[in-house]
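Undergrad: Start from the sequences, fold in the hints, and give me the full structure.
Chains as they are written, first to last, in our numbering: chain A, 1 to 287; chain B, 1001 to 1244; chain C, 2001 to 2322.
None of these hints come from the bench; they were simulated from the model. Worth double-checking, as some hints may not be accurate.
The list that follows gives simulated cross-link-like pairs (lysine to aspartate or glutamate, EDC-like), each with its CA atoms no further than 20 Å apart [unchecked claim]:
hint, chain 1, residue 1, chain 2, residue 2
1, B, Lys1138, A, Asp176
2, A, Lys178, B, Asp1074
3, A, Lys178, B, Glu1088
4, B, Lys1115, B, Glu1080
5, B, Lys1115, B, Asp1100
6, B, Lys1121, B, Glu1187
7, B, Lys1159, B, Glu1064
8, B, Lys1186, B, Glu1165
9, B, Lys1186, B, Asp1176
10, B, Lys1204, B, Glu1165
11, B, Lys1004, B, Glu1033
12, C, Lys2209, C, Asp2193
13, C, Lys2207, C, Glu2195
14, A, Lys83, B, Asp1074
15, B, Lys1060, B, Asp1024
16, B, Lys1204, B, Glu1225
17, A, Lys178, B, Glu1080
18, A, Lys177, B, Glu1088
19, A, Lys178, B, Glu1165
20, A, Lys188, B, Asp1074
21, B, Lys1159, B, Glu1183
22, A, Lys178, B, Asp1095
23, B, Lys1004, B, Glu1028
24, A, Lys188, B, Glu1080
25, A, Lys177, B, Glu1080
26, A, Lys178, B, Asp1100
27, A, Lys177, B, Asp1095
28, B, Lys1159, B, Asp1069
29, B, Lys1204, B, Asp1230
30, B, Lys1134, B, Asp1100
31, A, Lys177, B, Asp1100
32, B, Lys1115, B, Glu1131
33, A, Lys177, B, Asp1074
34, B, Lys1060, B, Asp1013
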Amino acid sequence: MGSGDIITPLVMGILLGGLYALIALGLSMVFGVMRLINLAHGDLVILGSYGGYALMTLLGLDPIVGLVISIPLMFLLGFAIQKYLMGRAFGISSEAPLIIAFGISLVLQNANQILWTPLSRALNTSYSNLSFSIGLRQFPLTYLLDFTAGIIVMLALRAFLIHTYLGKAITAASQDKKAAQLMGINTKRVYGYAFAIAMISAAIAGVFLGMTFPFTPTSGVSFLTIAFGTVIIGGLGSMLGTFIGGIILGIVQTLGGYFFGPASQMLIVYVIVLVVLAIRPQGLFGR
Amino acid sequence: MSDKPLLRITNIDVFHGTFQALWDVSVEIIRGETLALIGANTSGKTTLLDTISGLLHPAKGTIEFEGKDIAWLDPYQIVELGITQVPEGRRIFPDMSVLDNLLIGSYNGSARSKKSQNLEKVYQHFPRLQERRKQIAKTLSGGEQQMLAIGRGLMADPKLMLIDEMSLGLAPIVIDELFKALEQIKERGITILFVEQNVRRTLKEADRAYILETGRVALSGTATELCEEDRVKKAYFGVEVCGV
Amino acid sequence: MKLKATRSKLTLIPLAALILVLALLPLIGAPQSWLLYAFLFFIYLAMANMWNLLAGYSGLISLCQPAFLGLAGYTLAIGTWVGLPWWAGLLGGATVAALFALLISVPVFRLSGIYFAIGTLVVPEALRMVFYLWRPVGGQMQGAGAGYMIKGTGGVSTHLIYWLAFVLGIGSIFLMKRVLKSKLGLGLAAIRDNERTAASCGVSVFKLKLYTFIIAALVTGLSGAVYYLYQGYIEPSATFNVRWTMTLLLATVIGGIRTEEGPFIGTIVVVFLYFLLARYAGYSLLIQGMILIGLMLLSPQGIVGMLRRSRYYRYLAQCVST
Chain A
1 MGSGDIITPL VMGILLGGLY ALIALGLSMV FGVMRLINLA HGDLVILGSY
51 GGYALMTLLG LDPIVGLVIS IPLMFLLGFA IQKYLMGRAF GISSEAPLII
101 AFGISLVLQN ANQILWTPLS RALNTSYSNL SFSIGLRQFP LTYLLDFTAG
151 IIVMLALRAF LIHTYLGKAI TAASQDKKAA QLMGINTKRV YGYAFAIAMI
201 SAAIAGVFLG MTFPFTPTSG VSFLTIAFGT VIIGGLGSML GTFIGGIILG
251 IVQTLGGYFF GPASQMLIVY VIVLVVLAIR PQGLFGR
Chain B
1001 MSDKPLLRIT NIDVFHGTFQ ALWDVSVEII RGETLALIGA NTSGKTTLLD
1051 TISGLLHPAK GTIEFEGKDI AWLDPYQIVE LGITQVPEGR RIFPDMSVLD
1101 NLLIGSYNGS ARSKKSQNLE KVYQHFPRLQ ERRKQIAKTL SGGEQQMLAI
1151 GRGLMADPKL MLIDEMSLGL APIVIDELFK ALEQIKERGI TILFVEQNVR
1201 RTLKEADRAY ILETGRVALS GTATELCEED RVKKAYFGVE VCGV
Chain C
2001 MKLKATRSKL TLIPLAALIL VLALLPLIGA PQSWLLYAFL FFIYLAMANM
2051 WNLLAGYSGL ISLCQPAFLG LAGYTLAIGT WVGLPWWAGL LGGATVAALF
2101 ALLISVPVFR LSGIYFAIGT LVVPEALRMV FYLWRPVGGQ MQGAGAGYMI
2151 KGTGGVSTHL IYWLAFVLGI GSIFLMKRVL KSKLGLGLAA IRDNERTAAS
2201 CGVSVFKLKL YTFIIAALVT GLSGAVYYLY QGYIEPSATF NVRWTMTLLL
2251 ATVIGGIRTE EGPFIGTIVV VFLYFLLARY AGYSLLIQGM ILIGLMLLSP
2301 QGIVGMLRRS RYYRYLAQCV ST
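TA: Below, the structure is given as structure tokens:
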């Protein structure tokens, strides 16, 4: 450890941060629009990973190509979850949506457990073990793919929110629900789309996560915590903020590992998250 | 068109949970007129507007717009039919640009195709909005925000416009400017129902008015009739000030 | 009146008999598995009651209960390694849990509503890492085994542990009644009605919430320590695990959040399903998840909410409460 080369962990942290951002974007969007803390987000991402695994083992599809199939399915699932479960829960009590999200998480984890056994799986492809080099330093190619996917999804979501009518309606509904209704926006439908779009990003995140790390049916919880950390640092609801939050979290983790040993890297991440929460609950870049 | 009302509200009761906010209220709006709704803070004016807009639904009674029952429609469907509300406190989208706020106004299907014409008209009413179209809405002054809120409502291409407490907290000069704009809007053939606490001003600007007291219609009539009414003089002016 | 009083006493008899049977369960030769399920019932009941106190009555959706029970468990384990008697470990564990609640209240009480939930969710995750890395006593850990045996409990009979759990479970019911009737409970009710009005009437919202947080941590910690006394072994990943939170949440919400009898009924359902589907652990939780979602949407007050619509239940509840 710590042979003096700080560049390697720094680059690794930035690339890893792209993956964290990718995982957190959907969570951030759902929170920003509906003020819903989706405790099932980690499990929905892992569902995306299993989707990629299923398409790979059953149809022999490359996991990235498999997204063509899994994205529409996740979109529909997201729309249905919002329409039939979350949308109703909002009318019940303030804790109801949180509890429903917990229920969804429980169902997904155990359905995955029954379908795929608790064994650890991975999305291994022909390019999984390739690497690229910057100078003399070697980095795994999957990390670069993660980072690229993170940037693309973040920019796409941002462009969608800023430039399309539906995106503007989603933004408007997140800023003032009553005013949005009075402007003729069907907020129920808009919320459905927002959740469904968040699920697209979860499907993509699941695939890239599965190509980078092994996963089990219960991995969702640890990635949920990472996604929360990312969103808390970046500020809930802002796509660019979430991306920066992911990068910061990635760097904190790898540099933490570099200075204090790999075993303590996640502990440092959690401590940073708690400190940020205590000092600036709205996030470093939040309003 | 004859004298068939544009909007006819018949004997509605409206509840907030278990609290009854409106009791047997009936209101008619004739096409092309400017109607004022007057009353103290908790008299149920905003409740009435929110019920017309579909945010609340009556427990009893009917609401007809152009002969169609709209009491149980959702807010977005009501906007589509041509009723738009400029809510109390303006409620512009604070972190969006002025232009985006206006564009959101034309979200409903029938208004979207006419958005460029309507945008032009809004800029004619409020040239300042055109100057500031790229500015973030929350950085506007109070009067400009109210202009934006009205402009955003116009973007929905309405037949009937409900305006709640437009002049609240604004300087007299700004209020004059806004009422001038309302006159132009009226000349375009848009029917206006507005809610105010400033009774003098209201009766000067409106053709007719309804006075609400604790959720019931206490009085109604043309503005001149109401000015003559002793009860109005006593309750709202102290002395006679109408016609000034 | 007199007739009614005697009738209400009569309905209490089966309840008292049930409690007596549960108390004597180890002595009347009940099968070992029954004892285990009754033991789990009492432990979960005490913890679920505390979660109901936090989430239901105080508006604190705490997702860090595993931190309290885990810290208490570790205090017990480490205590036995340095030669403390087991009962000192139990009390020490509860104290450590309460002190920890006081400590983390500094950051998490700055957060409100959903932010409080996220903040508390991170705490057990961080503690799990701490106990993977930190080994205060004993030799170095080997491989992934970061756990501890709980030593020197040879003299503690399983019957005694069962009775400890019994006292905790039944005691938590009376504690809840006591708390809700006390000034603390009245203050909480006022806050629930309207936090601002309560604050302006001189109710210290912060203090009341802190008290409940500490009481809940204390009882949850004590229950956790008794659980680990029975288990005889503790390790970080199963201890600081969101599964615990899920169990407490399930028991409370299925039974009926913000109702006094909710956790009791919910815990019966949770333990019963656990027992029924013991061989298919995955299916049990899957079904519980579905029940949770369905109940929340159809009857937000859980099973109690449904029961309360029946007249007989209302009569029974009235008898028990008098």
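Undergrad: Is the hinted pair Lys1060(B) and Asp1024(B) satisfied, with a Cα-Cα distance of at most 20 Å?
TA: holds (8 Å)
Undergrad: Hey, Lys1159(B) versus Asp1069(B), does the alpha-carbon distance stay inside 20 Å?
TA: Measuring from Cα to Cα gives roughly 16 Å; hence the hint holds.
Undergrad: Taking only the CA atoms, is the gap from Lys1060(B) to Asp1013(B) under or equal to 20 Å?
TA: Between Lys1060(B) and Asp1013(B) the Cα gap is close to 5 Å, so the pair holds against 20 Å.
Undergrad: Would the pair Lys1115(B) and Asp1100(B) pass a check requiring their Cα atoms to be no farther apart than 20 Å?
TA: holds (12 Å)
Undergrad: Going straight from one Cα to the other, do Lys1204(B) and Glu1165(B) come out at no more than 20 Å?
TA: Holds - the C-alpha atoms of Glu1165(B) and Lys1204(B) are around 16 Å apart, at most 20 Å.
Undergrad: Given the hinted pair Lys188(A) and Glu1080(B), is their alpha-carbon gap at most 20 Å?
TA: holds (16 Å)
Undergrad: Tell me if the straight-line CA distance from Lys178(A) to Asp1095(B) falls inside 20 Å.
TA: Cα-Cα ~16 Å, so holds.
Undergrad: Assess, step by step, whether the Cα of Lys1186(B) is no farther than 20 Å from the Cα of Asp1176(B), and give holds or violated.
TA: holds (15 Å)
Undergrad: Verify the proposed pairing of Lys1204(B) with Asp1230(B), using a straight-line Cα cut of 20 Å.
TA: holds (17 Å)
Undergrad: Check the hint pairing Lys1121(B) with Glu1187(B) against an upper bound of 20 Å on the C-alpha distance.
TA: Judged against 20 Å, a Cα distance of about 13 Å means the pair holds.
Undergrad: Lys178(A) and Asp1074(B) were given as a pair; does the straight-line alpha-carbon distance stay at or below 20 Å?
TA: holds (12 Å)
Undergrad: With the threshold set at 20 Å, check whether the alpha-carbon distance from Lys177(A) to Asp1100(B) stays at or below it.
TA: The given pair, whose Cα atoms are some 16 Å apart, holds under the 20 Å limit.
In this structure, none of the earlier numbered hints is contradicted; all agree with it.
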